[in-house]
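Participant: Listed here are the chains, written in short residue letters.
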Amino acid sequence: MPRNETYGFGPHDVTMPQLGMAQDAGKIVSWLKAPGDKVAKGDALFEVETDKATMEVEAQASGYLTHVTAAAGEDVPVGQVIARISATAEEDAPVPAPIQKSDADSALPEGKQITMPQLGMAQDSGVLVGWLVELGAQVGPDDPLFEVETDKATMEVPAGASGWVAATLAQAGDEVPVGQAVAVISASKLDAPVARGVAAKAVPAPKPDQKPEAAKSPQPTPKPAPARDAMASSGGRILASPKLRRIAVEKGLDLAQLVQAGHPQPYHMRDLAVLETLAAKAPAPHTSAAAPALRLEAACPKDGFAPFALWAAETHGLRDADALLAGLAGASLGRAATVAVARFGADRTYHVPATRRLSAITTTDDTAELVLRDLRMSALSGIAMGAEDRPVLTLLARGEGLALVLECTPAQLAPDQAIALLSEFAGRMHDPLRHLL
Amino acid sequence: MREITLSQAVNEAIAEEMRRDPSVFLMGEDVAEAGTPFKVLSGLVEEFGTDRVIDTPISEPGFMGMAVGAAMTGARPIVDLMFGDFIFLIMDQLCNQAAKTHYMSGGKLTVPLVLRTNMGATRRSAAQHSQSLQALVAHIPGLKVAMPSSAYEAKGLMKTAIRDNNPVVIFEDKLMYQDKAPVPEEEYLIPFGVANVKREGRDITLIGTSSMVQVAEKAAEILAAEGISAEVIDPRTIVPLDEKTLIESVKKTSRAIVIDEGHQSYGVTAEIASRLNEKAFYHLDAPVLRMGAMDVPVPFSPALEDLTVPTPEQVAANARRLVAGELIHAA
Amino acid sequence: MAKAKSNTEDYLRMYTQMVRIRTFEDNANQLYLSARMPGLTHMYSGEEAVAVGICEALTDDDRITSTHRGHGHCVAKGAEFKAMFCELLGKAEGYCRGKGGSMHIADQSHGNLGANAIVGGSMGIATGSALRAKLQGSDDVTVCFFGDGATAQGLLYEVMNMAALWKLPVIYACENNGYSEYTKTEEIAAGSITARAEAFGIEAHQVDGQDVLEVNDLARKLVARARKGEGPFFIELMTYRYHGHHVGDINREYYRSKAEEKEWKDNRDPIIRFRAHLVREGIATEADLDALNAEIEKDAAEAVAYALDAAYPDAAEVNQHVYAA
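Protein chains in written order, with my numbering: chain A, 1 to 437; chain B, 1001 to 1331; chain C, 2001 to 2325.
If you are wondering where the hints come from, they were derived from the structure by calculation, not from laboratory data. Check each hint, because a few of them may be wrong.
With a Cα cut of at most 35 Å, we get these calculated DSBU-like pairs of lysine-lysine [as the list claims (entries may be wrong)]:
no., chain 1, residue 1, chain 2, residue 2
1, A, K251, B, K1251
2, C, K2134, B, K1039
3, A, K41, C, K2184
4, C, K2228, C, K2167
5, B, K1279, A, K251
6, B, K1108, C, K2167
7, B, K1244, A, K251
8, A, K41, C, K2262
9, C, K2082, A, K41
10, A, K38, C, K2265
11, A, K33, A, K189
12, B, K1108, C, K2134
13, A, K41, C, K2258
14, A, K281, B, K1251
15, C, K2262, C, K2082
16, A, K38, C, K2184
17, C, K2298, B, K1108
18, A, K33, C, K2298
19, B, K1218, B, K1039
20, C, K2265, C, K2184
21, C, K2298, A, K27
22, B, K1108, C, K2082
23, C, K2265, A, K33
24, A, K27, C, K2262
25, B, K1252, A, K281
26, A, K27, C, K2258
27, C, K2258, A, K38
28, C, K2082, C, K2265
29, C, K2265, C, K2221
30, C, K2262, A, K33
Okay, chain A solo, but in the shape it has when bound (with noise of 0.2 Å):
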């Protein structure tokens, strides 16, 4: 007779079949054979009880019907291997083991175990509230034994065996998958029942149809949240745009202050300015009032800076003198910054690259971190008007010459860093030349 009956694996291990998509377990309703039947390929071997159906599962090989290990009635993970079918009667060949079997199962006393039962579909887990009966205590299998927590609901567990309670493997709190084991119920009384909780928080075995980790996060690593004192107003929600919000926090304005004031609401960009004042004449509480603004003031014998501006349109078209300005004052602060230079009420902001590349000077929609305010034109000769909210540089003449004075706060600027820039800058005015060397 040609064979064409079984081709591949030898000794036969009967598993609790997977019989639909993502099915994790199948109870055993009965075994149709008998341990040490002889079975045929094809026979009906047990009856399974999935979430849909109840089956006669085949045997998918001839031989011996040994080493059943999974009895009717028990709920067994897809997988799992609950009997071989072997070439004789006899249970000679090593027990196969259960694929599922941790190292830690060895040290527990013998018994029937008794596992997180799956209640719900696409249950994962369930939470042990607690035990129902103590360590040691004798049960019977309507006995509840512990309660459950699954997302649906609070559940009393039978403890399904008589006998004792031999071992507790959860405690109170623990997240358990199911089908892992929770208890052993002993046939006979222990004098030293074992009690353990879940090792780890455990993370249910991979399966071969686990999906592999997402290529990328689809969520970026989140940022530190900005300030908040811009975003939530003092009583209510302020009606704001997403933008302005932004505007607000970045220059350390308080939109509760236009609620003060009456302004209506919504806020769009078109209210920063309104804000502006308003918080020019009342500074928002964190350009603190209890910290002295300073005001350092510099003076240059000589202006360098209009024959400079002169010679560097002529000899290399650098025609926009602001943007000299803005470079000389941007470059005082030794790093890449935004300049505005404001004249007659009107500003216009600057882009100053690290280097000293005057020619690398950009304008900018940006706002700007530095005001440097020109006066030259006008007949006042000093200045003090107090911090604002950024720091600001006027430049006023002074003769043949020229006086600087540099306003802000210590928050804006240390008085170490306010000193050297004020320093910087003044040296720049005098002699532009330097600041190319």
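Starting from the known structure of chain A, fit chains B and C onto it as the hints suggest.
Facilitator: Below, chains B and C alone, put in the same frame as chain A:
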């Protein structure tokens, strides 16, 4: 520069590519002697013969499926689907077969085909010949979707589509077939995923697809007269989408309206608005508005049909409200 | 047994290919039942003579399209066990880098355009492949495999119409295994299946799908004629699936009796019948064939072990191959 119609531009693009590459062929209902009901393909059968310009029976799933098989085995078919509404008939072949074959085969099989079809209402064609169904196919990974806004785009995008190694769906607005635009005599291609800034502006960004680009441009003119400076952007392909250009524009203007002729709900406008919300939120000074076709089957009566599609006046009105900082609950 | 020119090498190859399919499916069935294979799978066991009889009439340049019950077509068209098992287990070395799985194996190096999980979904693809052959003046033939259940899909009639109009080199191979999923074919198909093709003027044949020589003989004749432009053709192959609709469909007496299954397995098995023929004709001895079987079993066992140990695709592959370059 010479001006030609969108219809001529499509015809030229296909003819040039068929001359260049003998594996390109065309199939669909009445594409040969009839040259389609819109006469877009007139003259091609005379040059290329009935072997390469194939009239099919009225069997959309059948010839779409055949195009997939031909594309998988070395040809480059262009499928002509007479009306965009018939996409529902070919969904399995387009979305389960063409779109997924490259991925399901681990990159071994490719499906280089072009499905050219149309969209657009106000032609008094009623609910089954007027739909704009680009969002349906743009939802399916594996398909690319191009939406030409003029004869110039129609030609450049079609040539790129024919050379692309993926299934590409091109939606032409059937009301624009006779619209003329400057189209160079010399060859050019328009790359996918590169938006076109049609008009620069400062106060608001108007993003339009296909014929809605014209609507946006007209709205921008109305607004300019009132001192509002609108930037108009045509994404040209919605898959791939040139997100960067759109986001940069909105960072500059702080406001945006997205206009597309598909139904507004769950549509192209929603997708683009959502991306702007996610990626330019802290630059927004007003909610991003969607303007799509009304969520009704397209009615036949001209008095009703004209109400369903966004107009330049409606776009301008919405833009005005956004720029004025009104509290907006709905478009 | 149909009369055919005795050709030892061809015959042994057909036998080998049938046993390879059966062995592959036995292993796949075990992998699935033992929960080592994810997803959903459909066994070809019992229908081996159909895939082998037809594919042995084809060259690597000829194309086929396959179905959800497609492992048999894939093996018959020349695929290797290792890459197939890797694909079944979702491993990176699978034919489709684990992205297709059991229902989407494609092996374009042997002309297999892929299994298709939409019933009837590949009829357009097969006919389009034949249209391409005609347009490009190439003499390859495309075979479209589908089941009796797929004759209920309208696409079949659209593409048979065009194939007949344009005389395309395509052969529609309808594997009639008697069941459309969990329903008897006679309950879902009115009238004759071959008459459906004949209505388009397509030459149609009905053949015993359990007789590999009869299938191969007919396939060779039709393939040769299709190459000459005499296509298309339609074949209804009367066959039987030994398993349920899918693995896990094990209690199926509500639609199919065990006695019927036993009758097909005992008396009409394509491998048993062909084996007896080979021995009777003196082409091989029982011992030769046992040795062949053992070698195939070993190959399969090695391929399964290899696939079980093989690596899953790197997570970075998840968004590769959405678009071709």
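Participant: If a hint holds in the structure, say so; if it doesn't, say that too.
Facilitator: Comparing the hints with the structure gives:
For the suggested pair K251(A) and K1251(B), the alpha carbons sit about 18 Å apart, so the restraint of at most 35 Å is met. Pair hint K2134(C) plus K1039(B) holds up; C-alpha atoms about 28 Å apart against a cutoff of 35 Å. As the CA atoms of K41(A) and K2184(C) are separated by approximately 26 Å, the hinted pair is consistent with the 35 Å bound. At most 35 Å may separate the alpha-carbon atoms for a hinted pair to count; K2228(C) and K2167(C) meet this at roughly 10 Å.
About 22 Å separates the Cα atoms of K1279(B) and K251(A), which keeps this hinted pair within 35 Å; it holds. Taken as a hint, the K1108(B) and K2167(C) pair is honoured in the structure, with Cα atoms around 29 Å apart against an allowance of 35 Å. Proximity of K1244(B) to K251(A) is assessed by CA-CA distance (about 27 Å); at most 35 Å being required, the pair is judged to hold. Taking the CA atoms of K41(A) and K2262(C), the gap is near 12 Å; set against the 35 Å cutoff, the hint holds.
A C-alpha spacing of about 27 Å is found between K2082(C) and K41(A), which places the hinted pair at or below 35 Å, so the restraint holds. Simply put, K38(A) and K2265(C) have alpha-carbon atoms about 21 Å apart, close enough for the 35 Å limit, and the pair holds. For the suggested pair K33(A) and K189(A), the alpha carbons sit about 33 Å apart, so the restraint of at most 35 Å is met. Distance restraint check for K1108(B) and K2134(C): the Cα-Cα separation of roughly 23 Å lies within the 35 Å cut-off, and the hinted pair is therefore satisfied.
Proposed proximity of K41(A) and K2258(C) is supported: the alpha carbons are some 14 Å apart, at most 35 Å. A threshold of 35 Å between alpha carbons decides the hint, and for K281(A) with K1251(B) the separation of about 30 Å falls inside it, so the pair holds. Taken as a hint, the K2262(C) and K2082(C) pair is honoured in the structure, with Cα atoms around 32 Å apart against an allowance of 35 Å. At most 35 Å may separate the alpha-carbon atoms for a hinted pair to count; K38(A) and K2184(C) meet this at roughly 34 Å.
Restraint check for K2298(C) and K1108(B): satisfied, since their Cα atoms lie roughly 29 Å apart, inside the 35 Å limit. Of the pairs offered as hints, the one joining K33(A) and K2298(C) holds, with about 31 Å between alpha carbons and a cut-off of 35 Å not exceeded. Distance check on the hinted pair: K1218(B) and K1039(B) sit about 28 Å apart at the alpha-carbon level, within 35 Å; holds. With a C-alpha separation of about 18 Å, the suggested pairing of K2265(C) with K2184(C) holds against the 35 Å cut-off.
The suggested pairing of K2298(C) with K27(A) holds, with an alpha-carbon distance near 34 Å, which does not exceed 35 Å. With a CA separation close to 17 Å, the supplied pair K1108(B) and K2082(C) stays within the 35 Å bound. Of the pairs offered as hints, the one joining K2265(C) and K33(A) holds, with about 23 Å between alpha carbons and a cut-off of 35 Å not exceeded. For the hint pairing K27(A) with K2262(C), the CA-to-CA distance comes to about 28 Å; that is within 35 Å, so the pair holds.
Only pairs whose Cα atoms come within 35 Å are accepted, and K1252(B) paired with K281(A) is accepted, the gap being roughly 30 Å. The straight-line distance between the Cα atoms of K27(A) and K2258(C) is roughly 24 Å, inside the 35 Å bound, and the hint therefore holds. Taken as a hint, the K2258(C) and K38(A) pair is honoured in the structure, with Cα atoms around 20 Å apart against an allowance of 35 Å. The hinted pair formed by K2082(C) and K2265(C) meets the criterion: a straight-line CA distance of about 28 Å does not exceed 35 Å.
With a CA separation close to 29 Å, the supplied pair K2265(C) and K2221(C) stays within the 35 Å bound. Distance restraint check for K2262(C) and K33(A): the Cα-Cα separation of roughly 21 Å lies within the 35 Å cut-off, and the hinted pair is therefore satisfied.
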